[in-house]
Amino acid sequence: METPLVFYCGGQTISPRLGITDGLKVVLESMVQYIQKAVPSNTIKLWYLQSPRHFDGGEWNQNGSCLFDKPLEEAERDFWFDPSNNGVNKEARQVNNLITQALEDTDIQLLDLTHLSEFRADAHPAIWRGKKDAVSIWGQDCMHWCLPGVPDTWIDIRAQLIQKRLGTG
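Once you know that position 158 of the sequence shown is 158 in full-length UniProt numbering, the rest is easy, because the numbers rise by one and skip nothing.
Hints in this document: simulated from the structure, not taken from any laboratory. Treat each hint with caution, since some may be false.
Unchecked claim - Under the rule of at most 16 angstroms between Cα atoms (straight-line distance), these lysine to aspartate or glutamate pairs were calculated in the EDC-like manner:
(1) K45 x D122
(2) K90 x D78
(3) K90 x D122
(4) K90 x E76
(5) K70 x D122
(6) K25 x E76
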């Protein structure tokens with residue numbers, strides 16, 4: 001795959017040009033090395049993976065929708081998000097795998113919001129605005145989350161990780 005991106009290392013262009021995946025690996029490795037070097041070891045370091053999208057039938061700008069009123073079952077989630085199915089969030093899953101690899105053997109704690117949140121296709125504001133024709137008026141919002149809900153769970157998990165690290169949990 002041809003990429004218009006140019007990657008640099010030490011101020012010099014990397015040649016031959018890297019594809020997007022290899023370039024992202026270089027970027028992630030560089031970021032992790034910098035964090036490991038510049039951030040004191042007694043600092044709690046958390047890296048959040050991405051929040052998933054639940055568009056069906058197209059992306060946000062292609063008439064995608066997310067008219068779900070209950071969480072996905074495991075089999076539905078696997079069908080929707082498994083990269084081998086070329087499903088929604090395929091790229092996010094691939095990036096998350098690269099991030100996970102880059103963080104191996106570091107003291108950076110990974111918080112996988114993606115897996116946890118993939119089940120909650122029902123937790124977007126798309127159908128919960130309380131107005132009969134909300135979707136036709138405002139369109140679909142399958143990227144943001146209803147409050148209270150999924151983001152509160154993320155915060156609770158983060159709080160537990162911090163308490164555990166501080167020895168107070």
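Evaluated hints:
{"no.": "1", "hint": "K45 x D122", "verdict": "violated, 31 angstroms"}
{"no.": "2", "hint": "K90 x D78", "verdict": "holds, 11 angstroms"}
{"no.": "3", "hint": "K90 x D122", "verdict": "violated, 20 angstroms"}
{"no.": "4", "hint": "K90 x E76", "verdict": "holds, 15 angstroms"}
{"no.": "5", "hint": "K70 x D122", "verdict": "holds, 5 angstroms"}
{"no.": "6", "hint": "K25 x E76", "verdict": "violated, 30 angstroms"}
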